[in-house]
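Enquirer: The sequence shown begins at 1 in full-length UniProt numbering and counts up by one.
I should point out that these hints are in silico values taken from the structure, not numbers from a laboratory.
Note that the coordinates shown come from a computational prediction; the quantities given were computed from them, not determined experimentally.
One should not assume that every hint holds.
[As the list claims (entries may be wrong)] Label pairs and their computed distance ranges (CB to CB):
#	residue 1	residue 2	range
1	ALA172	LYS273	41 to 47 Å
2	ASP305	GLU124	32 to 38 Å
3	GLU324	LEU104	32 to 38 Å
4	SER221	CYS320	48 to 54 Å
The beta-carbon is built from N, C-alpha and C at its ideal position, and this holds for glycine as well.
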Amino acid sequence: MIRPKTAPAPLTEIWRGPIAESVHTGHAVICGADGEVIEAWGDPDTVVYPRSSAKMIQALPLIESGAAAAAGLGSEHLALACASHQGDRVHTERVETWVTGLGLGESDFRCGSHMPYGEQTAHELIRSGEKPCQLHNNCSGKHAGFLTLNRHLGGHAEYVEPAHPVQRACLAAFEEVTEERSPGYGIDGCSAPNFLTSLRGMGRAMSYFATARDGGDTRRSAAARLRDAMIAHPELVAGEGRACTLLMRACTEPVALKTGAEGFFIAILPERKLGIAVKIADGGTRGAECAITALLVRLGALEADHPSARMFMNEVITNCRGLETGAIRPAPGLLR
C-alpha cells in the first residue's frame, strides 16, 4: 500500500462550543510558475487520485488533436468538458445538443446515470415519474468530450477502456503536465480511468495551466483555452449553490476552481501564475471546501468577508431549531 511519507497536517476544524470537536487533516501544495512547491502542508509527495479535479487535463487531447475545432466547439463546450455539473437543464440541454450535433445520442455515453445533484431538477424528475439518464451524470460533459475525441480518432465505442486511444491520449497528457510517470490508475465513478500522481505533480500541472497562454504551442494554447472557459462559465463547471461556481464568482481576480471526489480540490490562478492542489485525508468535502477557500484568502484572491467565502470558511453550524452550535474553520496557520 502506498502511504504518505509525512503525516497529513490539520487543515479544517469543526468547532462546537469551546473546542474543536473534529479535525480534517490532509495535504496541500501551492506551486509557482516554475512548477516548484513554494508552500506545503502535510506531504507533497503523497500519491493521490485527483478524481474530477483532473478533468481539464483529460480535456487537453480534445483540443490538441483538432477534434474540438473539427466539431466547432466553443467555450461553453470546453467548460462542460471540465465540469462536474449538477444535472440542471442548463447543463443537460447543452450536452444533449453537443452530442446530437455529432450524430450521437445518450446511449453512446459510458458514464452511467444518477439523480441530478440540483435539488429542483431532481424533484421535477420525481414528480414527472421520469428516471435520470446519462445526461444527468455530473461527468456527462467530460464524456461528451471523450465522444468527440473518439469520433475524431476513429476508435471503438468503449472509449472508457484504459487501453482505448482516448484514454491513452489522456494518460500521455496527464504524465506530461504532472511531469511524473503515473504509477497506476483506478476506475472513477463515471467508469473512466483516473490516474495516480503525487500531490506535487498535481500542483505542478495546475501551475502549468496557470502560466499557459493562448497562442503559444499547441498544448499551452489548449490549457489556456480550457482554463479560460472555466473562468468564463462558472455556472457550467458546477452549478448554482456549488462551491466551484460560488467561489469563482467571488474571487477578486480570474481563478479556475475544480472539486474532486474524496476531498480533492484544485485552484488555478493565472494572474499570479500559481497552482494549488488539496487532498483531505478522510475524503471530507467540507474539509476540502474550507481549505481551498482559506488558501485563496491567504493569497489575496478572495476577500475573507465575502458571503461565499464565509459559506465555506467559518461557516456557522446550526441545529434543527436554528440554534448556532459551532462553526467550520480553517486550521490555525492556514490563513497565516
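Enquirer: Evaluate each hint against the coordinates.
Expert: These are the hints, each one checked on the structure:
no., hint, in the structure
1, ALA172 x LYS273: 41 to 47 Å, "violated, 24 Å"
2, ASP305 x GLU124: 32 to 38 Å, "holds, 35 Å"
3, GLU324 x LEU104: 32 to 38 Å, "violated, 51 Å"
4, SER221 x CYS320: 48 to 54 Å, "holds, 52 Å"
Hints 1 and 3, counting from the list given before, are not met by this structure.
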